[in-house]
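S.K.: Listed below, chain by chain, are the residues.
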Amino acid sequence: MPETNGNDGKPAPPAAPAAGNGNGAGNGGKVAAVVAGAKAVKTRAVEEMKGAIKAPEKTDLWKSVLRVKHDETPRSRALGVLSNVFLHLHPAKVNRDAVAYNYTWGMGGMTFYVYITLVFTGTLLMFYYHPSKVVAFRDILYLDSDVPFGKLLRNMHRWGAHLMVIMVELHMFRVFLTGSYKKPREFNWVVGVLLLVLTLLLSFTGYLLPDDQLGFWAVTVGTNMARATPLLGHGGPFGPQMGMTPFNDVRFGLLGGSIVDSNALLRAYIWHCVAIPIIASAFMVVHFWRVRKDGGISGPAPVVLESEIKEPRKI
Amino acid sequence: MDLHQLWTIVSTPDNVPIVLLLFVVPFYAWYGLRQAFANDRLIAQLEGNPEMAKTHHRKIQPFKAGWTREVHVWPYLLRIEFLAAIIVTVILMVWSITLNAPLEEPSNPTLTMNPSKAPWYFLGLQEMLVYFDPWIAGVVMPSLIIVGLMVIPYIDANPLGNGYYTYKQRKFSILTFIFGFIVLWVSMIVIGTLIRGPGWMWFWPGTTWDHNRLIFEVNRDLPDLFGIAGRAGKIIFGAVVVGAYFLAAAVLIHKLITKTAFNRKIYARMSVLQYVTMQVFLIIMLSLPVKILARQLFRIKYVWVTPWFNI
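Those protein sequence lines, which keep their order, are chains S and Y. Under the numbering used here, the first residue of the first sequence is numbered 970, with each subsequent residue one higher. Under the numbering used here, the first residue of the second sequence is numbered 217, with each subsequent residue one higher.
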């Protein structure tokens, strides 16, 4: 009986089909042999499936995907992080006090998470949006009223962007308060400031895209500043002396015209959806890499007393 | 008291982040400073007791002899990151379901919005336009803010407070940053968002936005106050006043950074380049509140009037 055979956890005895074969005589014997053989194969398949379900980590498929054992040894725990492409930004171990919320406030990590959310929702929004003066506003109306979950998508993108700006500023505040920009992390602070600027630019270029009064006038006010650029704007100090007019100054370059119009919309779209995300991602890669290379998270470090200050190295 | 007006301003979808800022910035300032003061108490204790300083683990977090100083990322950090991701997602979802992103009329270059405001994170700069010309408020100041933030690690010669919250060991830098971030940046955003109404006029929260309100500004240029009429005279006078401000501010800042014995010790570690860089950025940062006071108290529009630029 296959049912009873299955319980000892061993592969089905190959003797059964062989025995059937030997006894067979005539057509009926052959059929019986084939049936017996099929039964044996089925039993074996069931056995193998049971084994795979009971211990999936022993299958070749599992091993090929996850590459390392996942038992509860320190080595496996470390390898589980280090040999995973998404987790390998982490070290194997961290300062025990750094995992508490009160030191980092989690702002850097959450900013990155919100950025991922924005890339995801933004990509979905791009399916429904044409960066053209004729249809841009109508696309937003369409998104808000007809696209399934379109309104939720747009809301999440909008509020996610605001949340990201707030989180970036709070992250910077925390890094300052803990003195984490000090040696050896000076350069990573510089990268962080650039990321702050890129975050603001991302948010600002996105503001124009709905092509409504709010975005239009915000971008008009914002880019009007550019005409006052010293030397490079037609309304700025020494701009006219440098030969600047509304048609060749830095504002013209930003807007692709002398007013906020279709070219400005297209430029905002390309900066917002392609150029700045790529630049910001590159800086993020450097930022995270440098966090690791500069010795991981900065603290909480043991306090240093005033009497213990070392004399600075003379150049 | 016009509660309807107040509600209209506060509940405008794009103003909600500022209402949020009003709560989270003070909260995190308190949250960070509370740990700073706790560390300061520990530092004072350790400084008074050298024996304890040798054996203590020097953190406010609890520590027992048998504990490891490091924990595995999996699971102790990754589970928190996972939880944080879920919480952020939930917050974002709930926020997005309950509040709709703003969408106004289609853009119309012939119909100016009043007030027409930049996105909220730039309203500090727009608010600065009241006190400075666009080339300063919109171009020079933002550039200097960015560069000024970038140079912070290179001009901060204080080696203490690296990797832990402290106030006492870094009084000057903490106070300067809080002044720049909270007093200048955040509060000017709040003013620009919640208080500035039509014509960028000042409306206290709760007063009605009167679109016909007129304010007769009697702002005068400083050279006119002193009766200086000629163009060359104005240029020279303005340059002298601005130069005098730079000098006075430099002296004031120098006094501040050499006030205590500890500050003098840090000052002695600074290179000339570090010192000059810090002075320049602090003087320019201080020029904003000085100009605000000059405008609000003495109704002064420009200090330095030239045919090419005004300051």
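Be aware that one or more of the hints could be misleading.
As the list claims (entries may be wrong) - Chain S stretches covered by chain Y per the calculated footprint, using a threshold of three residues with CB under 8 Å from any CB of chain Y: (1) 1001 to 1010; (2) 1127 to 1134; (3) 1258 to 1269.
Quick caveat, the hints were computed from the structure, so don't treat them as lab data. For glycine and all other residues, C-beta sits at the position ideal for the given N, C-alpha and C.
S.K.: Count residues of the stretch 1258 to 1269 of chain S with a Cβ under 8 Å from any Cβ of chain Y, then say if the count reaches three.
M.R.: holds (count 3)
S.K.: Counting residues of the stretch 1001 to 1010 of chain S with a beta carbon closer than 8 Å to any beta carbon of chain Y, are there 3 or more?
M.R.: violated (count 0)
S.K.: Is the coverage entry for the stretch 1127 to 1134 of chain S by chain Y consistent with the three-residue Cβ rule at 8 Å?
M.R.: Holds, because 6 residues of the stretch 1127 to 1134 of chain S bring their Cβ atoms closer than 8 Å to Cβ atoms of chain Y.
This entry does not satisfy hint 1, going by the numbered hints stated previously; all others are met.
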